[in-house]
Amino acid sequence: MDLITDRPIELAPLVASVQSPERGGVAVFLGQVRNHHEGRGVVGLEYSAYEPMAEAECARILAEARSRWGAAVALRHRIGALSVGDAAVAVVAASAHRESAFAACRYVIEEVKRRVPIWKREHYADGSLAWVDPTATLQRT
Amino acid sequence: MDLITDRPIELAPLVASVQSPERGGVAVFLGQVRNHHEGRGVVGLEYSAYEPMAEAECARILAEARSRWGAAVALRHRIGALSVGDAAVAVVAASAHRESAFAACRYVIEEVKRRVPIWKREHYADGSLAWVDPTATLQRT
Amino acid sequence: MTTAAPSVVTVHVLLFASYADALGVDTLDLTLPAGSTVGTVIERLRALPGGDRLPLKPLCARNLAHAAAGDALVAGDQIAVLPPMAGG
Amino acid sequence: MTTAAPSVVTVHVLLFASYADALGVDTLDLTLPAGSTVGTVIERLRALPGGDRLPLKPLCARNLAHAAAGDALVAGDQIAVLPPMAGG
Numbered sequence: 001m002d003l004i005t006d007r008p009i010e011l012a013p014l015v016a017s018v019q020s021p022e023r024g025g026v027a028v029f030l031g032q033v034r035n036h037h038e039g040r041g042v043v044g045l046e047y048s049a050y051e052p053m054a055e056a057e058c059a060r061i062l063a064e065a066r067s068r069w070g071a072a073v074a075l076r077h078r079i080g081a082l083s084v085g086d087a088a089v090a091v092v093a094a095s096a097h098r099e100s101a102f103a104a105c106r107y108v109i110e111e112v113k114r115r116v117p118i119w120k121r122e123h124y125a126d127g128s129l130a131w132v133d134p135t136a137t138l139q140r141t
Numbered sequence: 001m002d003l004i005t006d007r008p009i010e011l012a013p014l015v016a017s018v019q020s021p022e023r024g025g026v027a028v029f030l031g032q033v034r035n036h037h038e039g040r041g042v043v044g045l046e047y048s049a050y051e052p053m054a055e056a057e058c059a060r061i062l063a064e065a066r067s068r069w070g071a072a073v074a075l076r077h078r079i080g081a082l083s084v085g086d087a088a089v090a091v092v093a094a095s096a097h098r099e100s101a102f103a104a105c106r107y108v109i110e111e112v113k114r115r116v117p118i119w120k121r122e123h124y125a126d127g128s129l130a131w132v133d134p135t136a137t138l139q140r141t
Numbered sequence: 001m002t003t004a005a006p007s008v009v010t011v012h013v014l015l016f017a018s019y020a021d022a023l024g025v026d027t028l029d030l031t032l033p034a035g036s037t038v039g040t041v042i043e044r045l046r047a048l049p050g051g052d053r054l055p056l057k058p059l060c061a062r063n064l065a066h067a068a069a070g071d072a073l074v075a076g077d078q079i080a081v082l083p084p085m086a087g088g
Numbered sequence: 001m002t003t004a005a006p007s008v009v010t011v012h013v014l015l016f017a018s019y020a021d022a023l024g025v026d027t028l029d030l031t032l033p034a035g036s037t038v039g040t041v042i043e044r045l046r047a048l049p050g051g052d053r054l055p056l057k058p059l060c061a062r063n064l065a066h067a068a069a070g071d072a073l074v075a076g077d078q079i080a081v082l083p084p085m086a087g088g
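Those protein sequences? They're chains L, E, B and A, same order as listed.
Under this note's numbering, the first residue of the first sequence is numbered 1, with each subsequent residue one higher.
Under this note's numbering, the first residue of the second sequence is numbered 1, with each subsequent residue one higher.
Under this note's numbering, the first residue of the third sequence is numbered 1, with each subsequent residue one higher.
Under this note's numbering, the first residue of the fourth sequence is numbered 1, with each subsequent residue one higher.
Please note: incorrect hints may appear among the correct ones.
Unchecked claim - If the Cβ cut is set under 8 Å, some of the chain L residues that face chain E in the computed set are:
#1 Ala63
#2 Arg66
#3 Ala96
What the hints assert, rightly or not - Part of the chain E face toward chain B, derived, beta carbon under 7 Å:
#4 Trp69
#5 Lys113
#6 Ala125
Since the hints were made in silico from the structure, they are not lab data.
No experiment lies behind these values; they were computed from the predicted model shown.
Think of the CB as a built atom: it goes at the ideal place given N, C-alpha and C, for glycine as much as any other residue.
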């Protein structure tokens with residue numbers, strides 16, 4: 001399925017993959033590498049994944065969104081080394097109406113962040129590295 | 001400002017216009033001409049606008065979104081004759097975090113639909129035409 | 001010759017979409033008694049052929065901003081009568 | 001020779017990100033008494049050098065699906081110990 005990829009994410013073909021004459025609304029979320037995190041300067045990062053499970057979990061999330069909103073949805077999540085400004089994740093959702101397109105798009109990105117085994121190590125401006133822990137249960141620097 | 005345009009909308013430069021290293025989340029809404037409306041086949045449509053007011057109202061909506069969410073936002077609404085599948089409107093919003101990007105994007109498209117003086121005449125498969133009235137206070141065919 | 005308040009105001013009226021179709025015109029000038037309001041414009045339009053297809057209180061704009069029916073007219077105002085919006 | 005229930009199970013353990021850093025390995029095989037569970041894997045890992053940096057109840061997957069600590073192990077299982085996810 002290549003939902004997880006180590007190559008740059010291209011938005012245009014992803015949008016094209018969900019478009020059709022029946023679907024008037026397309027919602028997109030694009031997550032990009034920021035140059036800051038919790039007040040620290042970020043110069044780049046690396047994503048690693050438990051790839052077979054990440055692929056399977058992403059596919060399950062897309063199936064849930066299709067079933068719940070009748071939307072066409074697509075997803076790419078990049079892994080490997082990324083620079084500031086690079087696209088890390090892209091979600092597209094197309095539906096007859098905008099409400100369901102927005103809802104499906106939002107669902108997919110929230111579930112990806114919550115359920116998909118992908119980890120991010122940030123590279124800071126001061127030369128240090130840290131795995132990002134959104135739950136902050138394991139403090140590491 | 002050219003928020004209202006009679007030329008095809010290109011998404012990539014619009015997305016690029018809001019991207020920056022500080023903004024990790026970009027939300028996009030793309031509205032396209034559907035091939036159906038309330039059960040009738042649609043083959044195309046035309047948008048007309050009270051252009052100077054539409055430009056002014058769109059600029060006010062963007063300013064509101066920038067002020068309320070601190071997001072970078074951009075908008076294009078096409079007027080003139082459109083075919084099924086053509087992009088009618090595009091909204092992009094970029095912010096440090098996805099919540100504010102989604103909120104700003106959603107706000108702009110909802111306010112555009114509510115406040116901007118643009119009208120749509122649908123061309124149906126049976127050869128008839130009708131101005132679309134979302135409020136259905138004036139029934140016309 | 002003494003100065004006197006003008007007894008009439010002339011305003012430019014714009015009609016769009018279904019309203020332009022209803023009246024068969026998209027622009028017209030109306031000369032109305034001094035003291036007239038945006039609402040007076042609507043009353044006049046509704047008295048024209050086809051004007052009965054306008055609602056009693058359509059959305060209006062005066063000089064590019066939304067207007068209320070009670071707003072007083074000033075000579076040269078641009079009054080736009082706006083059908084239900086259908087952008088997006 | 002009589003058939004008997006095997007007295008041990010061997011499972012493949014995968015560690016990722018900060019957990020792999022903590023233990024200094026990203027894959028290892030563990031041979032455990034029959035009847036062991038996913039929770040037994042975690043206890044063993046926590047007893048290894050650096051294992052105290054794992055939480056008591058980390059998120060785990062068994063053969064690519066989320067697993068509970070009480071899930072019984074079957075020989076050949078792939079048990080993945082998952083740090084807090086940070087995708088997107």
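For each hint, the structure was consulted:
1. For the restraint placing L/Ala63 at the interface with chain E, the shortest Cβ-Cβ distance is roughly 22 Å, beyond the 8 Å limit, so the hint is violated.
2. With 8 Å as the threshold, the beta carbon of L/Arg66 stays out of range of chain E, its nearest partner Cβ sitting at about 19 Å, so the hint is violated.
3. Satisfaction of the interface hint for L/Ala96 is found here, the shortest Cβ-Cβ separation to chain E being roughly 7 Å, below the 8 Å cut-off.
4. The closest approach between the C-beta of E/Trp69 and any C-beta of chain B is roughly 19 Å, which is over the 7 Å cut-off, so the hint fails.
5. Against a cut-off of 7 Å between C-beta atoms, the interface hint on E/Lys113 holds, since the closest Cβ of chain B lies about 4 Å away.
6. At its closest, the beta carbon of E/Ala125 sits 20 Å from a beta carbon of chain B; the interface hint therefore is violated under the 7 Å criterion.
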